[in-house]
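Participant: Now for the letters of each chain:
Number of protein chains: 2
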Amino acid sequence: MCQLLGMNCATPTDITFSLTGFAARGGVTDHHADGFGVAFFEEKACRLFIDNASSATSPVAELVKRYPIKSKNVISHIRKATQGPVLLENCHPFMRELWGRHWIFAHNGDLKTFQPFLGGVYQPVGDTDSELAFCTIMQALRKRFPGSQPPLNELFHALADITREITLHGVFNYLLCNGQALFAHCSTNLYYIVREWPFSTAHLIDADMTIDFAQVTTEDDRVAVIATAPLTDDEVWTRFEPGELLMFRDGKLELRTIVPIPESVRLANAANTACT
Amino acid sequence: MCQLLGMNCATPTDITFSLTGFAARGGVTDHHADGFGVAFFEEKACRLFIDNASSATSPVAELVKRYPIKSKNVISHIRKATQGPVLLENCHPFMRELWGRHWIFAHNGDLKTFQPFLGGVYQPVGDTDSELAFCTIMQALRKRFPGSQPPLNELFHALADITREITLHGVFNYLLCNGQALFAHCSTNLYYIVREWPFSTAHLIDADMTIDFAQVTTEDDRVAVIATAPLTDDEVWTRFEPGELLMFRDGKLELRTIVPIPESVRLANAANTACT
Numbered sequence: 001m002c003q004l005l006g007m008n009c010a011t012p013t014d015i016t017f018s019l020t021g022f023a024a025r026g027g028v029t030d031h032h033a034d035g036f037g038v039a040f041f042e043e044k045a046c047r048l049f050i051d052n053a054s055s056a057t058s059p060v061a062e063l064v065k066r067y068p069i070k071s072k073n074v075i076s077h078i079r080k081a082t083q084g085p086v087l088l089e090n091c092h093p094f095m096r097e098l099w100g101r102h103w104i105f106a107h108n109g110d111l112k113t114f115q116p117f118l119g120g121v122y123q124p125v126g127d128t129d130s131e132l133a134f135c136t137i138m139q140a141l142r143k144r145f146p147g148s149q150p151p152l153n154e155l156f157h158a159l160a161d162i163t164r165e166i167t168l169h170g171v172f173n174y175l176l177c178n179g180q181a182l183f184a185h186c187s188t189n190l191y192y193i194v195r196e197w198p199f200s201t202a203h204l205i206d207a208d209m210t211i212d213f214a215q216v217t218t219e220d221d222r223v224a225v226i227a228t229a230p231l232t233d234d235e236v237w238t239r240f241e242p243g244e245l246l247m248f249r250d251g252k253l254e255l256r257t258i259v260p261i262p263e264s265v266r267l268a269n270a271a272n273t274a275c276t
Numbered sequence: 001m002c003q004l005l006g007m008n009c010a011t012p013t014d015i016t017f018s019l020t021g022f023a024a025r026g027g028v029t030d031h032h033a034d035g036f037g038v039a040f041f042e043e044k045a046c047r048l049f050i051d052n053a054s055s056a057t058s059p060v061a062e063l064v065k066r067y068p069i070k071s072k073n074v075i076s077h078i079r080k081a082t083q084g085p086v087l088l089e090n091c092h093p094f095m096r097e098l099w100g101r102h103w104i105f106a107h108n109g110d111l112k113t114f115q116p117f118l119g120g121v122y123q124p125v126g127d128t129d130s131e132l133a134f135c136t137i138m139q140a141l142r143k144r145f146p147g148s149q150p151p152l153n154e155l156f157h158a159l160a161d162i163t164r165e166i167t168l169h170g171v172f173n174y175l176l177c178n179g180q181a182l183f184a185h186c187s188t189n190l191y192y193i194v195r196e197w198p199f200s201t202a203h204l205i206d207a208d209m210t211i212d213f214a215q216v217t218t219e220d221d222r223v224a225v226i227a228t229a230p231l232t233d234d235e236v237w238t239r240f241e242p243g244e245l246l247m248f249r250d251g252k253l254e255l256r257t258i259v260p261i262p263e264s265v266r267l268a269n270a271a272n273t274a275c276t
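Taken in sequence, the protein lines are chains A and B.
The first sequence begins at 1 in UniProt numbering and counts up one residue at a time.
The second sequence begins at 1 in UniProt numbering and counts up one residue at a time.
Simulated from the structure, these hints should not be mistaken for lab results.
Quick caveat: nothing in here was measured; it's all calculated off a predicted structure.
Some hints could be false.
Note that the list lumps identical chains together, so a pair holds whenever it fits in one copy or between two copies.
[Said to hold, decoys possible] Under the rule of at most 25 angstroms between Cα atoms (straight-line distance), these lysine to any residue pairs were calculated in the SDA-like manner:
| id | residue 1 | residue 2 |
| --- | --- | --- |
| 1 | K143 | Q180 |
| 2 | K44 | D127 |
| 3 | K70 | G126 |
| 4 | K70 | L87 |
| 5 | K70 | E263 |
| 6 | K44 | F117 |
| 7 | K70 | P85 |
| 8 | K44 | A271 |
| 9 | K65 | A207 |
| 10 | K143 | G119 |
| 11 | K70 | E43 |
| 12 | K143 | W99 |
| 13 | K70 | S200 |
| 14 | K70 | T257 |
Pulled out of the complex, with its shape left as it was, chain A reads as follows (with noise of 0.2 angstroms):
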């Protein structure tokens, strides 16, 4: 299986140390090493790193652990290829422009038999079924709200509606941001933690490290951690049920739905760990 990382803060937040024990998957203490991606939101820009080397060798990887990019809304993903070779353009996350701002994808899964028709707006550039389903999410988010971004609630329903679509293809773990809010989609395995005041000490899974995050803190900040599986092992996490649709906001969750999954699909998916 691939894997997720997003955060979602209340105030720019340095996430290298969530990365670190992240990218660790990536060759060093899992065998995700197919690709590694991340991607930061600064207000409306976004800085997209993708590089198809692992996560524990990339000088991309090692820029991003080093660099403290401060950033509201990040999305990671690390690939073990399942649908699509390794290539740079089938890693994850992926880019795409609606309604003035740049919107990012990052999928765990595998979608079967899923041919949408894509009107040619958005087009994959990449072989996966994860640019795929992205490219049909911003197709049929353009088509619902032709002119202009909704409220965001509105947003979250018309996106619960789309993912109850493709949903039915197979494993659809996501992520998805326009740099205002995270929505974290469960098929199978997803986790998440809010930290707030006041902090505590955190210390990783994947690396021998540990940070009193009421050091680094203020009583304003607020991080949403989303992760396929947990990252540390003294604090915790809670996990999505399977069809829940998540939208965080300043680091807070904001608004929760399920999805429902048919129960042939919901058996199915359990047994498949496959990844694109």
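On the provided structure of chain A, position chain B as indicated by the hints.
Facilitator: Positioned in the frame of chain A, the structure of chain B alone reads:
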């Protein structure tokens, strides 16, 4: 003025030598310190690095100078802000997708009273006239060829038509690339050089560095470098004529045309040293 740097090659080539000289102009040998960006195509994939720090001090610029990413198509830009504040979303190059390919654009110049009608498929994220011009080009190409990408010579002539309209608004030196060919247009200042067998040495203007290309190349190599001002002081660079649009492929100058610039615009351009 901002500055542009482009490279188009027959075989994947490391641009670190040219980039070292070019990046020095972002705060060391010149004053283009309001942002830095570079895009590397690797076949259809594209890695875009941007920073609103200067290229002389940015850790991102440091990474790309040290990490020899081999690419057949590179576009880089250093910014001296004139339209739009010093924000990350105003840093060139800009990226959009068209016909299932990434497109990269960087601009040196200043477009006045440029208010095109954008239908919504491409919208600027930042505030620059440059990103607006890029969205206009993407929209016009999509309108002219709605289904899929035409042959490169048809694309070239369509681009000349679109450029003719935008160039009426002011200085419009630009580099545009889809990973297959690099298009370069000159309103005022642009130079190029084609390096091929037998290769010789070159010495940077902006850093005391000499390279013997004969030591690091084969007979199959051929590299076109395009820049706002020559990067080396011991090679012969060809100056573009005002209005010239060139297409480079596989390190070769393949197509050439002149996009006429009205005399009034040419005179105004000559007096304008701004850059967005």
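Participant: Check K70 against G126 for me: Cα-Cα at most 25 angstroms, and say if that holds within a copy, between copies, both or neither.
Facilitator: between (29 angstroms within a copy, 19 angstroms between copies)
Participant: Go through the copies and call it for K44 and F117: within, between, both or neither, with a Cα cutoff of 25 angstroms.
Facilitator: between (29 angstroms within a copy, 22 angstroms between copies)
Participant: Within a copy, between copies, both or neither: where do K44 and D127 come within 25 angstroms Cα-Cα?
Facilitator: between (28 angstroms within a copy, 11 angstroms between copies)
Participant: For the identical chains here, do K70 and E263 meet the 25 angstroms Cα criterion within one copy, between copies, both, or neither?
Facilitator: neither (42 angstroms within a copy, 48 angstroms between copies)
Participant: Pop the pair K143 and G119 into one bin, within, between, both or neither, using alpha-carbon distances up to 25 angstroms.
Facilitator: Answer is both; intra-copy 10 angstroms and inter-copy 14 angstroms each pass.
Participant: With 25 angstroms as the alpha-carbon cut-off, assign the pair K143 and Q180 to within, between, both or neither.
Facilitator: within (21 angstroms within a copy, 31 angstroms between copies)
Participant: My question is about K70 and P85: at a cut-off of 25 angstroms on alpha-carbon distance, are they close within one copy, between copies, both, or neither?
Facilitator: So K70 and P85 pass the 25 angstroms test across copies only (19 angstroms; inside, 32 angstroms).
Participant: Can you give me the call for K70 and E43, within, between, both or neither, at a CA distance of at most 25 angstroms?
Facilitator: Intra 11 angstroms, inter 31 angstroms, cutoff 25 angstroms: intra-copy only.
Participant: Since the copies are identical, ignore which copy is meant and state whether K44 and A271 lie within 25 angstroms (CA to CA) inside a copy, between copies, both or neither.
Facilitator: neither (39 angstroms within a copy, 34 angstroms between copies)
Participant: Go through the copies and call it for K70 and S200: within, between, both or neither, with a Cα cutoff of 25 angstroms.
Facilitator: For K70 and S200, the Cα distance is within 25 angstroms only inside one copy (20 angstroms; across copies 44 angstroms).
Participant: Using 25 angstroms as the alpha carbon limit, work out where K70 and L87 are close: within a copy, between copies, both or neither.
Facilitator: So K70 and L87 pass the 25 angstroms test across copies only (14 angstroms; inside, 29 angstroms).
Participant: If the cutoff is 25 angstroms on CA atoms, where do K70 and T257 land: within, between, both or neither? Let me know, please.
Facilitator: Cα proximity of K70 and T257: none, with 30 angstroms in one copy and 45 angstroms across.
Of the numbered hints listed earlier, those contradicted by the structure are 5, 8 and 14.
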